[in-house]
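Undergrad: Sequence:
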Amino acid sequence: MAAMEVERVRCATTGYAGEEEALPLPRELSVEDLQKDVLLSLLPENGSSPKILDLLTAADKREENGVAGGWRRKGEGEGEGGKGQGEAEVCDGAKPQSIAGARTDNNSRRSMRCRSLPITEPEAEDEYTGEKEAYMAAVLARFRHTLEERTRNHLGYPYNLEFEYGALTQLQCFSINNLGDPFIESNYGVHSRQFEVGVLDWFARLWELEKDEYWGYITNCGTEGNLHGILVGLSLQQGLAGTTVKGAVDDLDCVIATLERCGYPRDRFYIHCDGALFGLMIPFVKKAAKVTFKKPIDSVSVSGHKFVGCPMPCGIQMTRMCHIERLSRNVEYLASRDATIMGSRNGHAPIYLWYTLNRKGYQGFKKEVADCLKNAQFLYLRLREAKFGAMLNSLSSTVVFERPQEEAFVRKWQLACQGKIAHVVVMPSVKVNKLEAFVRELLASRKKFFPDGVVVPPCIADELGADNCECPDCHVA
46 MAAMEVERVR CATTGYAGEE EALPLPRELS VEDLQKDVLL SLLPENGSSP KILDLLTAAD
106 KREENGVAGG WRRKGEGEGE GGKGQGEAEV CDGAKPQSIA GARTDNNSRR SMRCRSLPIT
166 EPEAEDEYTG EKEAYMAAVL ARFRHTLEER TRNHLGYPYN LEFEYGALTQ LQCFSINNLG
226 DPFIESNYGV HSRQFEVGVL DWFARLWELE KDEYWGYITN CGTEGNLHGI LVGLSLQQGL
286 AGTTVKGAVD DLDCVIATLE RCGYPRDRFY IHCDGALFGL MIPFVKKAAK VTFKKPIDSV
346 SVSGHKFVGC PMPCGIQMTR MCHIERLSRN VEYLASRDAT IMGSRNGHAP IYLWYTLNRK
406 GYQGFKKEVA DCLKNAQFLY LRLREAKFGA MLNSLSSTVV FERPQEEAFV RKWQLACQGK
466 IAHVVVMPSV KVNKLEAFVR ELLASRKKFF PDGVVVPPCI ADELGADNCE CPDCHVA
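Each residue of the sequence shown is one higher than the one before, counting from 46 in the working numbering.
No lab work stands behind these hints: they were computed from the structure. It is possible that some hints are incorrect.
Unchecked claim - Quick list of in silico lysine-lysine cross-link-like pairs, DSS-like style, CA-CA up to 27 angstroms: (1) 476 <-> 405; (2) 339 <-> 256; (3) 479 <-> 419; (4) 432 <-> 411; (5) 256 <-> 411; (6) 465 <-> 479; (7) 335 <-> 405.
All chains, full assembly: derive it from the sequences and hints.
TA: In structure tokens form, the structure reads like this:
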């Protein structure tokens, strides 16, 4: 341990200031359509470019042969009954495709996989005509449009999509890599360790651990933090608790009390807290049990791209310094030590996290947590008023409800589903007006399956309990 402390030279801290099957790709991302649009834009007014005309003719032929468009084809030719083998099935708006009727065989999965945007070798004259640059610009412009549309209709996954990082675009021209231990300099100088350590110090204060008592790093995703926690406590018996789909928050005090009551001494258990989403929300909820290293826990991990709102996947992993000595190794190639799982680590992510923590601070996050919990309660009450089976766990912003029957609706709103239930995760980017629009469309979608107006909700008592079910057998008016 002493040797470890000697070698742990802290970088200068930049401080804190205060499956169901996949649906086909939409036509708007059809490669052939994009090519034709760009070619037409490049065609001179007199139409005197033989090369462009040839390419347009080839694109038209591909479309006639059933290659173009947003649907992935299985093959060519006629199948039984005169129907083309490669013909894609399109859900008629008047006849909604239910999840129960969705095709799930392997062949249909292959036929419905997203089509790719091909990579083609540039031709020698491209640098003069600019055709390739124009084509790629059109692809990216349309992709941006798709991302904007998908962001507007995003509800099912725990990502905060409301952020503004325009000030950081000036750093995108640098290959920033934080390989190795964040607290120890290496020979690679294009790094952002000072930002990384600043972020770690902020979380150490949040979880009540002194600077010289913790070790941590910014991971490439939340799961990497869990893997690191498991790695540190690998020699002990493993057990898991908790769930993602229903938004449960484990009672940490109960877990600790159970271990103590069963006679486990402190050196015989290792508690890793997977706080992917709620690990950053719970500290700002008054009635919630605190996640703090003053309790006998050993490591905590949270995701940086969820509640914080980082545009690239990342996470924060923190553990007690005493656990790291046996993992840390000298790496001569780097002239440093390393106890991380991965080699190269995204050096941009710490800067984005540092930027957000400085802008929002503890008070900013506290307000966002309160708004999320309030809006989750709003959605839950609206669903129950509309006779949907639904549940909202205490201290949670995840609203669980009966799975919508229309597959197109599930895909539009990007709902996370499991069996007969689905959920909406209310994040800072989810406002009341979006929730109101969601409920309106959900009601309209349900009506398609009950044309006589008599709605019979499914039974979800096994999943959510009879009190949260609206089926005739469970619900008493």
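Undergrad: Give a verdict on every hint.
TA: How the hints compare with the structure:
| no. | hint | verdict |
| --- | --- | --- |
| 1 | 476 <-> 405 | holds, 18 angstroms |
| 2 | 339 <-> 256 | holds, 14 angstroms |
| 3 | 479 <-> 419 | holds, 14 angstroms |
| 4 | 432 <-> 411 | violated, 32 angstroms |
| 5 | 256 <-> 411 | holds, 23 angstroms |
| 6 | 465 <-> 479 | holds, 24 angstroms |
| 7 | 335 <-> 405 | holds, 21 angstroms |
Comparing the model with each earlier hint shows a violation of hint 4 alone; every other hint is respected.
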